[in-house]
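Asker: Sequence:
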Amino acid sequence: MPSIDIPFAKHVGIEKKEEGTLMLVETEVVQNHIQTIHGAAQFALAETQSGLYLRSLFPEYAEGVIPLLRSSSVKYKHPATKEIVAKATVDDENKKKFEAQFLKKGRASITIAVELRDSDDVVTMMGEFTWFVQKRNLS
1 MPSIDIPFAK
11 HVGIEKKEEG
21 TLMLVETEVV
31 QNHIQTIHGA
41 AQFALAETQS
51 GLYLRSLFPE
61 YAEGVIPLLR
71 SSSVKYKHPA
81 TKEIVAKATV
91 DDENKKKFEA
101 QFLKKGRASI
111 TIAVELRDSD
121 DVVTMMGEFT
131 WFVQKRNLS
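In my numbering, the protein residues as written are 1 to 139.
You may find that some hints are simply not true.
Claimed, not checked - Label-pair ranges, simulated between beta-carbon atoms:
| hint | residue 1 | residue 2 | range |
| --- | --- | --- | --- |
| 1 | Pro79 | Arg107 | 32 to 40 angstroms |
| 2 | Pro59 | Glu128 | 19 to 27 angstroms |
| 3 | Glu60 | Val29 | 22 to 30 angstroms |
| 4 | Glu60 | Gln35 | 38 to 46 angstroms |
In case anyone wonders, no lab produced these hints; they're calculated from the structure. All residues carry an ideal CB built from backbone N, CA and C; glycine is no exception.
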(Lines of atoms letter the chains of each structure in order from A; the text may use other names.)
(Lines give C-alpha, C1' and ligand atoms only; values in the text may rest on other atoms or scores of the structure.)
Protein backbone atom coordinates (compact mmCIF):
# COMPACT_ATOMS: atom_id res chain seq x y z
CA MET A 1 0.00 0.00 0.00
CA PRO A 2 1.45 3.37 -0.95
CA SER A 3 2.22 5.60 2.05
CA ILE A 4 -0.32 8.22 1.03
CA ASP A 5 -3.13 5.62 1.12
CA ILE A 6 -2.51 4.69 4.75
CA PRO A 7 -5.74 5.49 6.64
CA PHE A 8 -3.93 7.34 9.46
CA ALA A 9 -2.04 9.54 6.97
CA LYS A 10 -5.35 10.43 5.33
CA HIS A 11 -6.93 11.10 8.74
CA VAL A 12 -4.18 13.56 9.70
CA GLY A 13 -4.45 15.26 6.30
CA ILE A 14 -1.16 14.27 4.70
CA GLU A 15 -1.31 14.93 0.97
CA LYS A 16 0.91 14.41 -2.04
CA LYS A 17 2.47 17.72 -3.10
CA GLU A 18 4.38 16.41 -6.11
CA GLU A 19 5.98 13.12 -7.05
CA GLY A 20 7.89 11.84 -4.01
CA THR A 21 6.98 14.80 -1.77
CA LEU A 22 4.33 14.96 0.93
CA MET A 23 2.77 17.96 2.65
CA LEU A 24 0.51 18.83 5.54
CA VAL A 25 -1.75 21.86 5.46
CA GLU A 26 -2.22 23.73 8.73
CA THR A 27 -5.83 23.15 9.76
CA GLU A 28 -7.68 23.11 13.05
CA VAL A 29 -7.53 19.30 13.07
CA VAL A 30 -3.72 19.28 13.42
CA GLN A 31 -3.35 22.27 15.74
CA ASN A 32 -2.00 22.12 19.25
CA HIS A 33 -2.94 24.36 22.20
CA ILE A 34 -1.03 27.36 20.78
CA GLN A 35 -2.50 27.07 17.26
CA THR A 36 0.61 25.69 15.58
CA ILE A 37 0.89 22.29 13.91
CA HIS A 38 1.10 19.66 16.66
CA GLY A 39 4.41 17.84 17.01
CA ALA A 40 2.66 14.49 16.54
CA ALA A 41 1.21 15.65 13.22
CA GLN A 42 4.67 16.81 12.09
CA PHE A 43 6.13 13.48 13.17
CA ALA A 44 3.42 11.63 11.21
CA LEU A 45 4.27 13.62 8.08
CA ALA A 46 8.01 12.99 8.47
CA GLU A 47 7.62 9.27 9.22
CA THR A 48 5.25 8.81 6.29
CA GLN A 49 7.68 10.68 4.00
CA SER A 50 10.54 8.44 5.15
CA GLY A 51 8.51 5.34 4.27
CA LEU A 52 7.55 6.75 0.87
CA TYR A 53 11.19 7.60 0.21
CA LEU A 54 12.35 4.14 1.27
CA ARG A 55 9.90 2.63 -1.21
CA SER A 56 11.18 4.91 -3.99
CA LEU A 57 14.82 3.98 -3.28
CA PHE A 58 14.19 0.28 -3.83
CA PRO A 59 10.99 -0.12 -5.90
CA GLU A 60 12.05 -3.59 -6.98
CA TYR A 61 11.66 -4.82 -3.37
CA ALA A 62 8.44 -2.99 -2.49
CA GLU A 63 6.04 -5.93 -2.71
CA GLY A 64 8.35 -8.61 -1.31
CA VAL A 65 9.42 -7.05 1.99
CA ILE A 66 8.16 -6.10 5.41
CA PRO A 67 9.47 -2.65 6.41
CA LEU A 68 9.36 -1.76 10.08
CA LEU A 69 10.27 1.57 11.62
CA ARG A 70 12.87 0.52 14.17
CA SER A 71 13.77 3.89 15.70
CA SER A 72 13.59 7.62 15.15
CA SER A 73 15.04 10.82 16.47
CA VAL A 74 13.51 14.23 15.81
CA LYS A 75 14.29 17.81 16.67
CA TYR A 76 11.70 20.55 16.43
CA LYS A 77 13.33 23.75 15.22
CA HIS A 78 10.55 26.31 14.72
CA PRO A 79 6.76 26.45 15.24
CA ALA A 80 4.86 25.30 12.16
CA THR A 81 2.08 27.77 11.42
CA LYS A 82 1.70 27.21 7.66
CA GLU A 83 1.67 24.37 5.17
CA ILE A 84 4.71 22.16 5.70
CA VAL A 85 6.50 19.99 3.15
CA ALA A 86 8.67 16.96 3.87
CA LYS A 87 11.88 16.10 2.05
CA ALA A 88 13.78 12.87 2.63
CA THR A 89 17.38 11.99 1.81
CA VAL A 90 19.89 9.21 2.30
CA ASP A 91 23.53 9.30 1.31
CA ASP A 92 24.84 6.96 -1.38
CA GLU A 93 27.13 5.08 1.02
CA ASN A 94 24.25 4.10 3.31
CA LYS A 95 22.12 3.13 0.32
CA LYS A 96 24.87 0.85 -1.04
CA LYS A 97 25.51 -0.67 2.41
CA PHE A 98 21.79 -1.40 2.85
CA GLU A 99 21.46 -3.03 -0.55
CA ALA A 100 24.57 -5.19 -0.12
CA GLN A 101 23.38 -6.45 3.28
CA PHE A 102 19.82 -6.99 2.04
CA LEU A 103 20.97 -9.01 -0.96
CA LYS A 104 23.31 -11.09 1.22
CA LYS A 105 21.05 -11.73 4.24
CA GLY A 106 17.50 -10.87 3.16
CA ARG A 107 17.30 -8.16 5.82
CA ALA A 108 18.98 -4.83 6.52
CA SER A 109 18.54 -1.43 8.15
CA ILE A 110 18.77 2.03 6.66
CA THR A 111 18.47 5.50 8.18
CA ILE A 112 16.59 8.16 6.25
CA ALA A 113 16.90 11.86 7.07
CA VAL A 114 13.76 13.98 6.78
CA GLU A 115 13.41 17.73 6.93
CA LEU A 116 10.12 19.63 7.22
CA ARG A 117 9.94 23.17 5.85
CA ASP A 118 7.08 25.62 5.82
CA SER A 119 5.95 27.71 2.84
CA ASP A 120 8.49 30.40 3.84
CA ASP A 121 11.28 27.77 3.61
CA VAL A 122 11.76 27.75 7.40
CA VAL A 123 12.81 24.38 8.87
CA THR A 124 10.22 23.30 11.45
CA MET A 125 11.53 19.80 12.18
CA MET A 126 14.45 17.52 11.34
CA GLY A 127 14.54 13.82 11.95
CA GLU A 128 16.20 10.50 11.30
CA PHE A 129 14.11 7.38 10.76
CA THR A 130 15.77 3.97 10.86
CA TRP A 131 13.91 1.28 8.97
CA PHE A 132 14.46 -2.46 9.33
CA VAL A 133 13.51 -4.26 6.10
CA GLN A 134 13.12 -8.01 5.80
CA LYS A 135 12.13 -10.25 2.89
CA ARG A 136 8.69 -11.74 3.27
CA ASN A 137 8.57 -15.45 3.96
CA LEU A 138 6.88 -16.67 0.79
CA SER A 139 6.44 -20.29 1.92
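Asker: Now tell me, hint by hint, if it's right for this structure.
Answerer: Verification of the supplied hints:
Here the CB-CB span from Pro79 to Arg107 is close to 39 angstroms, well matched to the stated 32 to 40 angstroms. Under the hint 19 to 27 angstroms, the C-beta atoms of Pro59 and Glu128, about 22 angstroms apart, fit the expected range. Against the hinted window of 22 to 30 angstroms, the Cβ-Cβ separation of Glu60 and Val29 comes to about 36 angstroms, which falls outside the hint. Remark: the range hint 38 to 46 angstroms for Glu60 to Gln35 is upheld by a beta-carbon distance near 44 angstroms.
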